[in-house]
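A.B. asks: Listed below are the residues making up each chain.
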Amino acid sequence: MLLPEPGLRIPNMFDAAIEGTFRGLFVHGEDIAQSDPNVQHVLAALGAMELVVVQDLFINETAKFAHVFLPGASFLEKDGTFTNAERRINRVRAVMKPKNGMHEWDIVCRIATAMGYPMRYDHPGQIMDEIAALTPTFAGVSFERLDEVGSIQWPCDDDAPQGTPIMHVDAFTRGLGRFVPTPFVPTDERSTRRYPLILTTGRILSQYNVGAQTRRTANIAWHQEDLLEIHPHDAEDRGITDGDEVTLASRVGRTKLRAKVSDRMPTGVVYTTFHYPVTGANVVTTENSDWATNCPEYKVTAVQVALAHPVIRELDERAVDNVLAAELVD
Amino acid sequence: MSLNVPAEIRMINSIATHFGYLHTEQAVAAVADHVRRFWDPRMKRRLLLLVASDTRDLDPVAVAAAGLLR
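Residue numbers (this note's numbering), protein chains in the order written: chain S, 1 to 330; chain A, 1 to 70.
Derived from the structure by calculation, the hints contain no laboratory data. Take the hints with a grain of salt, since some may be wrong.
[Said to hold, decoys possible] With a straight-line cut-off of 16 Å between C-alpha atoms, the simulated EDC-like cross-links for lysine to aspartate or glutamate are:
#	chain 1	residue 1	chain 2	residue 2
1	A	K44	S	E19
2	A	K44	S	E245
3	S	K256	S	D290
4	S	K64	S	D79
5	S	K260	S	D234
6	A	K44	S	D56
7	S	K256	S	E297
8	S	K256	S	E245
9	S	K299	S	E189
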């Protein structure tokens, strides 16, 4: 039975896991041990749980914490729908049987049934029928209808049997529109003498999110590692030249990567991607988030960057702190 | 605010900041409504315990909103 109360959002699940009130997680097609901020906090949470189940195409970073790993399937093996950003529901048809011998949805259904909630379907079209029965905006959607017309943009119901290419043409769902002020809520993150630069993270075209899929393809020819882009003035202040290995440290963690001196960044701001677990850019990002949805603040982390001298690599963490502090004083 | 401050305190403070454009009474009601609708019961309970023990790090609007959640 689904509880009427709202549940925890992902960052709050990690807090609760560490407190001991959140004990199990089923992760399907996501790599939270690489994608979520403050990785050390995430790893502590995963390590504290009694049961972590991961279902994925690959043994990703999160899977290393899994008590149970279930094989996922690629889109080429799937029969179902994809809904894109213009609300368009498209059919996707399998070109081959799942290599793991079972459809992903069938695995989930078998687990639910074994846990006492029978889920029995002969075909994914029956799952879509259930979605249509429970979701008013999908009421007119079915595999048969999709096969007939190709694709449908929701809402699709008795009032709009062909779907809705443009929403809110004459009125909003509530009637007239309502303007609401959205005052700027500034971040609590502050640059300081110890962490004087702002790190912003992002993506590059040839890699997808944490790279779980794209790092395993020839795309790595275009992007072989995460680089730290730094303005020439900030680099010069720190004795950093293009290609140097540098440490990137914030209040919550530190990592190492190579520098790319570039005026693409303004002074005071450094940038990197988060596609490689060996870099682990999210080791340094914090749990700060927005007020409404708790979307992590990946774009504003106060950091310090320093040359990763070979001698530093051999020292322990406390010694690295001392070296960084000494460099700041200098 | 430091990351050492409990998440519930940081979160309700930023909600209170957002609703700062409203009159105090309306802001208090809006913050309480947001928490009631979108927070897990465990977080609501923990918030009330935190508010009962110490309000130093809390926005006054957040304290008043917590009072409506009891």
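A.B. asks: Evaluate each hint against the coordinates.
C.D. replies: We went through each hint and held it up to the structure:
1. K44/A / E19/S: Distance of about 15 Å is within 16 Å: holds.
2. K44/A / E245/S: violated (45 Å)
3. K256/S / D290/S: Distance ~28 Å between K256/S and D290/S Cα, so the pair is violated.
4. K64/S / D79/S: Between K64/S and D79/S the Cα gap is close to 29 Å, so the pair fails against 16 Å, i.e. violated.
5. K260/S / D234/S: holds (12 Å)
6. K44/A / D56/S: Judged against 16 Å, a Cα distance of about 33 Å means the pair is violated.
7. K256/S / E297/S: Measuring from Cα to Cα gives roughly 21 Å; hence the hint is violated.
8. K256/S / E245/S: With Cα atoms ~7 Å apart, K256/S and E245/S stay inside 16 Å; holds.
9. K299/S / E189/S: Judged against 16 Å, a Cα distance of about 11 Å means the pair holds.
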